[in-house]
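A.B. asks: What follows is each chain in one-letter form.
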Amino acid sequence: KAGVTQTPRYLIKTRGQQVTLSCSPISGHRSVSWYQQTPGQGLQFLFEYFSETQRNKGNFPGRFSGRQFSNSRSEMNVSTLELGDSALYLCASSQTGQAEAFFGQGTRLTVV
Amino acid sequence: GENVEQHPSTLSVQEGDSAVIKCTYSDSASNYFPWYKQELGKRPQLIIDIRSNVGEKKDQRIAVTLNKTAKHFSLHITETQPEDSAVYFCAASISGYGNKLVFGAGTILRVKS
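Those sequence lines, one after another, are chains D and H. Following this note's numbering, the numbering of the first sequence begins with 1 at its first residue and continues without gaps. Following this note's numbering, the numbering of the second sequence begins with 1 at its first residue and continues without gaps.
Since the hints were made in silico from the structure, they are not lab data. Check the hints yourself; a few may be wrong.
Only pairs whose alpha carbons sit at most 30 Å apart, straight line, appear in this in silico DSS-like list of lysine-lysine [to be verified]:
hint, chain 1, residue 1, chain 2, residue 2
1, H, 58, H, 68
2, H, 57, H, 68
3, H, 112, H, 68
4, D, 57, H, 71
5, H, 42, D, 13
6, H, 57, H, 42
7, H, 22, H, 68
8, D, 57, H, 22
9, H, 22, H, 112
10, H, 112, D, 13
11, H, 112, H, 42
12, D, 57, H, 112
13, H, 58, H, 112
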């Protein structure tokens, strides 16, 4: 079974631009969660999608948004990028609620 | 909201010794506690988890214990090996809140050979 796949692996963007990251979950998994990982703040929950609906949301500004498609693939979007958005963005897929969560390799976003 | 504290932030042990990492959570409604291992430049990998209806769980050299009364849980690694060197994260989630995981700050484990 293929694991969680995130694309792209690396991105460099300029302040003020917007970016879209993609996550393909493990086949059969319907839940996709997104996390931001930084050296200073650690792993922080962004949001979770289940069956195309946002089920949970963390404490991030509205510039961070996401969606999930009918095949469970998910995208997250960050608009009006700031230097502080530089981070490793990880997605995790799970079968259902409170099931084991498996992470993708992450997308390393650098904002310059 | 839920808050998870993790100690120590760094831990150095000799190969063959045991390592213990402790986490404390704030919300008594938390009922699922996974542990992740993250090697440098790699994704976090689930190594073991425990649910609130169980007090202890073992998987070869790794064990997790849960004390619901004190609201803390611990990871125990026995007979440590150099390949155990990594950052370990504990996490907690609450039933009814889907898959929202609240993570501890992480512990850098160094196993010296």
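A.B. asks: Within 30 Å, alpha carbon to alpha carbon, are residue 22 of chain H and residue 112 of chain H?
C.D. replies: Judged against 30 Å, a Cα distance of about 21 Å means the pair holds.
A.B. asks: So if I understand the rule, the pair passes when the alpha-carbon distance is 30 Å or less; does residue 22 of chain H with residue 68 of chain H pass?
C.D. replies: holds (13 Å)
A.B. asks: Does the structure keep residue 57 of chain H and residue 42 of chain H at a Cα separation of 30 Å or less?
C.D. replies: Holds, because 26 Å separates the two Cα atoms, which is no more than 30 Å.
A.B. asks: With the threshold set at 30 Å, check whether the alpha-carbon distance from residue 57 of chain D to residue 71 of chain H stays at or below it.
C.D. replies: Measuring from Cα to Cα gives roughly 24 Å; hence the hint holds.
A.B. asks: Check the hint pairing residue 112 of chain H with residue 42 of chain H against an upper bound of 30 Å on the C-alpha distance.
C.D. replies: Since the Cα atoms of residue 112 of chain H and residue 42 of chain H sit roughly 21 Å apart, the hinted pair holds (cutoff 30 Å).
A.B. asks: Does residue 13 of chain D lie within 30 Å of residue 112 of chain H when you go C-alpha to C-alpha?
C.D. replies: violated (40 Å)
A.B. asks: Within a Cα-Cα threshold of 30 Å, do residue 58 of chain H and residue 68 of chain H meet the stated pairing?
C.D. replies: holds (18 Å)
A.B. asks: Against the 30 Å threshold, does the CA-CA distance of residue 112 of chain H and residue 68 of chain H hold or violate the hint?
C.D. replies: violated (33 Å)
A.B. asks: For the pair we were handed, residue 57 of chain D and residue 22 of chain H, check the Cα-Cα distance against 30 Å.
C.D. replies: Satisfied, since the Cα-Cα distance of roughly 27 Å is no more than 30 Å.
A.B. asks: Within a Cα-Cα threshold of 30 Å, do residue 58 of chain H and residue 112 of chain H meet the stated pairing?
C.D. replies: Within the cut-off at roughly 24 Å; holds.
A.B. asks: Under the criterion that the straight-line Cα-Cα distance not exceed 30 Å, is the pair residue 42 of chain H, residue 13 of chain D satisfied?
C.D. replies: Distance ~22 Å between residue 42 of chain H and residue 13 of chain D Cα, so the pair holds.
A.B. asks: Please work out if residue 57 of chain D and residue 112 of chain H have their alpha carbons no farther apart than 30 Å.
C.D. replies: violated (41 Å)
The structure does not agree with the numbered hints 3, 10, 12 stated previously, though it agrees with the rest.
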